[in-house]
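Produce the entire structure from the sequences given, and follow the hints as far as they go.
Okay, here's what each chain looks like letter by letter:
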Amino acid sequence: MIYFQLLWTFVQVGLFSIGGGYAAIPVIQSHVVEGYQWLTLSDFTDLVTIAEMTPGPITINAATFVGMRIGGVAGALVATLGAILPALIIVSALAVLYNKFGNLKSVQIVLHWLKPAIVALIASAALSIFINAVWGEQGFSTDATRIDLGALIIFVTAFVVLRKCKKCSPVIVMLGAGAFNLVIQYLL
Amino acid sequence: MRKNGKNNTQGKAKRCWTLFISSFVISAFTFGGGFVIVPLMRKKYVTKLQWIKEEEMLDITAIAQSSSGAIAVNASILLGYKIAGVLCVVCAVLGTILPPMGIIMLVSLAYDAFRTNEIVAVVLQGMQAGVAAVILDVVVQMIADVGRYKQPLAIAVMVVAFALNYFVKLNVMYIIGGCLVIGLIAIPLTARKAKCIASLSDSQQLTNDAITDSQTTNAPKTDNFVVNQQDVHDLAEAHGDANAQRQAANSLTDNTTNEEDKQ
Chain F
186 MIYFQLLWTF
196 VQVGLFSIGG
206 GYAAIPVIQS
216 HVVEGYQWLT
226 LSDFTDLVTI
236 AEMTPGPITI
246 NAATFVGMRI
256 GGVAGALVAT
266 LGAILPALII
276 VSALAVLYNK
286 FGNLKSVQIV
296 LHWLKPAIVA
306 LIASAALSIF
316 INAVWGEQGF
326 STDATRIDLG
336 ALIIFVTAFV
346 VLRKCKKCSP
356 VIVMLGAGAF
366 NLVIQYLL
Chain Y
77 MRKNGKNNTQ
87 GKAKRCWTLF
97 ISSFVISAFT
107 FGGGFVIVPL
117 MRKKYVTKLQ
127 WIKEEEMLDI
137 TAIAQSSSGA
147 IAVNASILLG
157 YKIAGVLCVV
167 CAVLGTILPP
177 MGIIMLVSLA
187 YDAFRTNEIV
197 AVVLQGMQAG
207 VAAVILDVVV
217 QMIADVGRYK
227 QPLAIAVMVV
237 AFALNYFVKL
247 NVMYIIGGCL
257 VIGLIAIPLT
267 ARKAKCIASL
277 SDSQQLTNDA
287 ITDSQTTNAP
297 KTDNFVVNQQ
307 DVHDLAEAHG
317 DANAQRQAAN
327 SLTDNTTNEE
337 DKQ
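Chains as they are written, first to last, in my numbering: chain F, 186 to 373; chain Y, 77 to 339.
Hints are not guaranteed to be accurate.
BS3-like cross-link-like pairs, simulated, lysine-lysine; straight-line CA separation at most 27 angstroms [to be verified]:
no.	chain 1	residue 1	chain 2	residue 2
1	F	351	Y	129
2	Y	120	Y	90
3	Y	226	Y	269
4	Y	226	Y	271
5	Y	245	F	285
6	Y	88	Y	129
7	Y	271	F	285
8	F	351	Y	271
9	F	352	Y	120
10	F	285	Y	269
11	Y	245	Y	271
12	Y	129	Y	245
13	Y	90	F	285
Which bits of chain Y does chain F cover? Going by a derived footprint, with three or more residues having C-beta under 8 angstroms, they are [said to hold, decoys possible]:
no.	stretch
14	94 to 101
15	163 to 174
16	201 to 210
17	222 to 234
18	243 to 256
Note that these hints are calculated values from the structure, not bench results.
Virtual Cβ for every residue (Gly too), placed ideally from N, Cα, C.
Laid out in structure tokens, this is it:
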């Protein structure tokens, strides 16, 4: 039955997307495109693009999208449930453990050494996003003409606003950035 | 966390509802990858609502990232449980997954139009630059936090992890695994140091008690400072502390200085 297949597929996706949604993409591809052939490769590329463009975790977006295409709203629900099921079980267990033992010195020590790496990973993602925003898909280049000046201006403005205004909501800043770009592109 | 005595169901339900709404809004704006949610959550739950401390947020981030599944979902579970148990977990998770589900369902019905729509593309492009700024803002703060450890090894780990991930594209799992190993090794090493200092404090306590008991200027019993089975290293290291403590004891100041070292 298709719903069970959807569920099981995305349980596996959820289980293997360790460290971030991008790890899930090959898993999705092998099951959805190659395995069950629910999507063509071109559809799959669309999926990844849309999952990137829309808010929310890639895994959830992918699950909803595929589920919707294959089995309508019910399919979307089942697939998404599958995607979060492993996390619900594993992380819930970790949550209980953290609440109980989080103050233990040994747990604190392990987390202490995990944090520099987490910061590094987030910094790495930040750099990729920054370069993508300012230089586009082709990446960094010393060629000054390749720089998207508008994006750079938006970036700097947003950054300054965030640094100066501690209470400012990042959400508003992001929306503002989007709106600002509309202004730049259409009015200037 | 400090539950502020609000164990009654009404307070709990209210908090979980707030959590649901907050998660919903935050999730609706988590564009561009899982990490974006970290600064958003931080601003909301640490700075604005003050439901958790900065450290706890970092812990949650670390655990959420290390586990499988979307960071946003994992963090919701951890946060929800910490705030008020299972009810909040459900609220947080629902709040996190409903926006993307709703949006994708709508989009999938007309995704060609969505994909090629120019206005959408322009807004998203602008948001990308905004997102970059949002993440960079929090990264700068987090790097400063790690810097505050004042441990060169931690900074080295951070730099190496960055290089490995960004340039070498090493799988996240290996990096996290490596740090877990470092952390596990650090447990006995740190515990030994802490035990040594604690033992020293204990002996100091005994010594101080002896002084206040006798009320005479008997020389402190120096053999109390020699802890059982000390390595030469540890003793030399502790010696600096011991001298400072001995001076404090000799001037008959209060005992509270010991407690700080026990940290």
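Comparing the hints with the structure gives:
1. F:351 to Y:129: OK: residue 351 of chain F and residue 129 of chain Y at ~16 angstroms, within 27 angstroms.
2. Y:120 to Y:90: 16 angstroms, holds
3. Y:226 to Y:269: This hinted pair holds, its Cα atoms lying about 17 angstroms apart.
4. Y:226 to Y:271: 21 angstroms, holds
5. Y:245 to F:285: 35 angstroms, violated
6. Y:88 to Y:129: Since the Cα atoms of residue 88 of chain Y and residue 129 of chain Y sit roughly 19 angstroms apart, the hinted pair holds (cutoff 27 angstroms).
7. Y:271 to F:285: 23 angstroms, holds
8. F:351 to Y:271: Violated. Residue 351 of chain F to residue 271 of chain Y sits at ~40 angstroms, over the 27 angstroms cutoff.
9. F:352 to Y:120: Roughly 10 angstroms separates the two Cα atoms, so the pair holds.
10. F:285 to Y:269: Roughly 25 angstroms separates the two Cα atoms, so the pair holds.
11. Y:245 to Y:271: Between residue 245 of chain Y and residue 271 of chain Y the Cα gap is close to 40 angstroms, so the pair fails against 27 angstroms, i.e. violated.
12. Y:129 to Y:245: 32 angstroms, violated
13. Y:90 to F:285: Satisfied, since the Cα-Cα distance of roughly 24 angstroms is no more than 27 angstroms.
14. 94 to 101: violated (count 1)
15. 163 to 174: holds (count 4)
16. 201 to 210: holds (count 10)
17. 222 to 234: n = 6 at 8 angstroms, threshold three: holds.
18. 243 to 256: Our answer is that it holds, as 8 residues pass the Cβ test (under 8 angstroms) against chain F, meeting three.
The structure does not agree with the numbered hints 5, 8, 11, 12, 14 stated previously, though it agrees with the rest.
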